[in-house]
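Protein chains: 2
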Amino acid sequence: MTAAAPVWSVDPRTGKPREQVAVEATPQEVDTVVRAAHAARGALADRAVRAAFLRAAADHLTAAREQLVEVADAETALGPVRLTGELARTCHQLRAFAGVVEEGAFLDIVIDHPDDSAVPPVPDLRRHKVPLGVVAVYSASNFPFAFSVAGGDTASALAAGNPVVVKAHPDHPALSELVAKVLRRAAAGHGLPADVLGLVHGFDAGVELIRHPLIAAAGFTGSIRGGRALFDAAAARPVPIPFHGELGSLNPVLVTEAAAAERAAGIGTGLAGSMTLGTGQFCVKPGLVLVPSGAAGDGLVKTLTDAVSDTDPGVLLDHRMRDAFLAGVTERAQLPDVESPVTPGAGGEHTVSAGFLTVPAERLTAPGPHDLLLEECFGPVTVVARYADDTEARAVLARLPGNLTATVQLSTEEASGAGHGADLLAALTPLAGRVVVNGWPTGVAVAPAQHHGGPYPATTSPSTSVGATAIERWLRPVVYQNTPEALLPPELHDANPLGLPRRVDNHREG
Amino acid sequence: MTAAAPVWSVDPRTGKPREQVAVEATPQEVDTVVRAAHAARGALADRAVRAAFLRAAADHLTAAREQLVEVADAETALGPVRLTGELARTCHQLRAFAGVVEEGAFLDIVIDHPDDSAVPPVPDLRRHKVPLGVVAVYSASNFPFAFSVAGGDTASALAAGNPVVVKAHPDHPALSELVAKVLRRAAAGHGLPADVLGLVHGFDAGVELIRHPLIAAAGFTGSIRGGRALFDAAAARPVPIPFHGELGSLNPVLVTEAAAAERAAGIGTGLAGSMTLGTGQFCVKPGLVLVPSGAAGDGLVKTLTDAVSDTDPGVLLDHRMRDAFLAGVTERAQLPDVESPVTPGAGGEHTVSAGFLTVPAERLTAPGPHDLLLEECFGPVTVVARYADDTEARAVLARLPGNLTATVQLSTEEASGAGHGADLLAALTPLAGRVVVNGWPTGVAVAPAQHHGGPYPATTSPSTSVGATAIERWLRPVVYQNTPEALLPPELHDANPLGLPRRVDNHREG
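Sequences listed follow chains A and B, in order.
So the first sequence is residues 2 to 511, counted in our numbering.
So the second sequence is residues 2 to 511, counted in our numbering.
If you are wondering where the hints come from, they were derived from the structure by calculation, not from laboratory data.
Think of the CB as a built atom: it goes at the ideal place given N, C-alpha and C, for glycine as much as any other residue.
Just to be clear, a hint being listed does not mean it is correct.
What the hints assert, rightly or not - Covered stretches of chain B (chain A as the covering partner; in silico rule of three or more C-beta atoms under 8 Å from a C-beta of chain A):
(1) 107-117
(2) 123-135
(3) 226-239
(4) 469-478
Given these sequences and hints, build the entire structure.
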């Protein structure tokens with residue numbers, strides 16, 4: 002018997018191990034955690050209890066803020082300001098899902114009373130949605146709170162009534178353990194089994210998890226390579242399961258001629274801020290920016306050069322990412338016609354410095370070695386493609402893979418509806434799940450209308466991992482036919498004392 | 002160059018070819034049809050035009066009823082009464098989706114006005130749903146109207162604004178051509194390109210279709226083997242696409258002791274009618290019936306014996322199905338302890354006769370050769386499993402794969418809420434997408450609350466192919482951030498002159 006593999010917490014500022022946090026889960030241990038979660042599922046049936054649990058989880062996380070932020074910063078180097086904000090966002094998200102659970106619109110209740118005149122006749126039909134079962138959540142490295150143990154996937158899956166087993170990200174195992182303990186304590190405090198939230202460590206454990214027969218669905222945030230491997234495993238199961246993965250995104254930005262003419266400097270500064278935010282480790286970092294050739298575009302590039310040059314070096318989440326970043330920018334910079342007004346690269350032994358590349362857009366209008374520039378490069382770098390005219394810019398857009406976001410910078414006149422503004426918006430819509438006008442894609446608000454997803458590889462399904470509708474991923478409809486009220490769940494009775502939103506005989510009520 | 006493979010219309014009553022209808026599509030021809038559909042997608046953007054087109058399609062199909070039913074009967078032997086009803090249902094479904102398009106709830110509009118006090122701040126966010134792109138529809142053999150060229154998949158995909166390319170089922174190619182012509186004429190009559198509806202024939206063409214880069218999603222109704230192969234192909238694409246397949250279902254029925262004691266004869270007669278309806282060629286045919294051992298259960302089996310013996314032989318949809326049915330029942334009947342009170346088998350040269358098998362439920366409580374009885378057998382046969390007690394019946398239920406339906410026959414007292422009625426319902430809910438009480442699963446009403454789907458292999462996604470919510474399969478959300486009204490689609494403006502159902506600042510309106 003081999004010894005259990007240790008899981009170390011590592012300080013990315015020094016590359017040195019901090020402490021051993023746990024051991025990697027064996028297949029037997031994964032099985033035990035999943036079975037415990039499965040056994041706990043009935044306890045989540047009550048919506049009021051679920052809502053109270055989610056709120057308590059937010060309260061407990063808020064109360065533990067100091068310790069959580071300290072550990073998170075030690076493991077991720079993201080800094081206390083950003084991490085405090087991210088924790089607040091995460092708690093807001095848990096509370097927002099408590100509200101979603103209480104309102105009950107997500108149950109999608111539809112009731113049809115019998116109609117013998119229909120062809121074929123309609124019996125009494127009462128539909129609502131039920132949880133899928135145990136959900137596997139694969140945490141991200143770059144949002145140790147918001148897309149991790151207590152993040153959007155977990156919050157929405159619990160809100161829908163599913164137990165969750167989280168595969169911890171190896172970049173913040175100590176924080177993962179702490180957050181899991183907080184959630185399990187909040188559960189126990191509301192009479193729920195602590196096992197509604199399980200946690201496992203280890204790459205192999207993650208693979209075991211996706212194959213486990215009692216896992217009913219999965220959420221993932223990470224790389225295209227890792228996400229696609231898990232997607233493939235989910236699809237290859239004897240019983241395939243839904244796999245909602247957020248894999249990668251270039252997040253193109255189009256700057257029109259008129260916008261560049263109107264406010265080149267403002268756009269250049271804004272872009273520098275967005276692409277270097279969090280040391281470029283956002284899934285919505287603008288990775289390709291179409292800038293017109295000519296004087297206005299030159300001015301934009303000049304401002305960008307100044308602003309990026311002024312940016313302090315930053316620490317990436319781990320050394321593997323740093324290596325990939327340095328290799329990625331080197332490979333890109335060596336392509337013909339690619340220039341580096343500010344060369345991204347090694348800052349110090351454990352940091353990297355921000356930079357950007359330029360390329361004539363013409364190089365991107367047909368397949369070739371420059372297609373590498375259309376792949377996401379994680380870290381503080383972006384590619385500015387200079388286009389000669391609208392046709393060339395659109396030819397580049399038409400070649401892009403799916404994205405989380407697509408952004409357009411318009412002039413005041415274009416934004417007012419004059420000219421081709423609406424046309425451009427229509428051209429950007431097929432590319433992404435979120436279209437941003439005169440802003441930047443970084444910063445994903447937690448709000449009912451939010452959509453954080455997009456055509457593959459942005460996400461593997463037409464779903465979102467942020468916003469109220471994220472709950473839809475973890476439910477399936479069931480309809481009861483000619484079932485006496487005495488046997489039906491209360492929300493499907495004719496009476497609707499709680500005023501649940503429902504569709505009854507094709508009229509909306511509640 | 003090889004000659005194009007001919008596509009023949011065959012009379013299942015004689016096994017003789019009727020006429021050559023078409024040729025199988027080559028890869029180049031599939032590409033041409035898909036590209037034409039893709040080029041036509043913009044024309045479907047207007048919801049009013051789509052609704053009018055769907056209604057016109059229903060009108061044109063109704064007007065052509067005589068010819069359509071005649072050709073359908075010649076190719077399927079399903080009989081003019083059933084086919085006339087199925088056509089009416091299909092037209093009703095097209096009209097119902099026209100209503101869904103007009104109402105606009107499917108757009109799932111959510112609008113959040115800016116809120117700077119949120120963490121992070123919420124910008125102006127306006128979300129709706131947009132069509133995915135060209136949808137591939139694989140028609141079923143057993144519903145030549147309702148699950149074929151103008152069936153639920155096509156109607157819901159068009160309603161959502163997507164062009165459709167149908168892979169015709171080889172059991173009714175002449176009818177497929179006729180229906181496609183009617184739809185294309187209806188489109189042209191409303192100023193739409195006829196290519197919003199394409200049709201291809203041939204097994205290889207179906208495989209080409211699922212791999213085509215411009216196909217954005219697929220709907221399928223058919224066998225587990227065929228459906229899984231296409232599901233796997235959809236998942237293995239460089240850009241995977243949603244595959245909504247309805248593959249197979251056993252549709253278990255549980256008869257309680259008390260129900261058998263109360264109305265054994267009624268249940269026996271009802272079961273005979275349901276399992277032989279349409280010569281047992283329904284995806285919701287009850288394929289496994291748990292009947293208590295003892296006198297009441299014996300009485301039920303006796304009534305079933307009489308009723309099934311009285312059923313006339315019927316013609317199956319094609320000779321391959323007839324061979325599979327005969328082989329399937331023979332293999333099952335040879336299992337130890339399996340008896341055939343009425344032996345299903347060959348009626349005449351082109352017909353089959355209905356029958357059923359019995360087995361002690363004990364044989365089904367653990368893995369073994371009797372697991373064959375837990376697989377769907379297409380045609381007029383069912384399996385009656387006699388159980389000793391509640392524990393044994395539940396042990397069998399716990400071993401079942403996913404189903405479209407699960408049915409329970411309860412006594413008057415159990416249905417009133419006394420005893421274990423609610424418990425049984427809770428035990429059946431995880432098994433299926435539709436739970437039927439004191440009725441039979443055959444007959445799938447077209448109604449807003451309908452759900453025709455279930456855990457795998459019933460369907461490959463938690464979606465439905467019947468009912469208003471079937472439209473959800475062919476859409477993806479897009480949110481616009483800080484976008485001036487002048488550039489937004491009208492339904493996302495603040496004003497809501499059409500009274501579209503929307504959620505604005507987390508309050509429902511419209």
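Taking the hints in turn, this is what the structure says about them:
no., hint, in the structure
1, 107-117, "holds (count 5)"
2, 123-135, "holds (count 7)"
3, 226-239, "holds (count 4)"
4, 469-478, "holds (count 5)"
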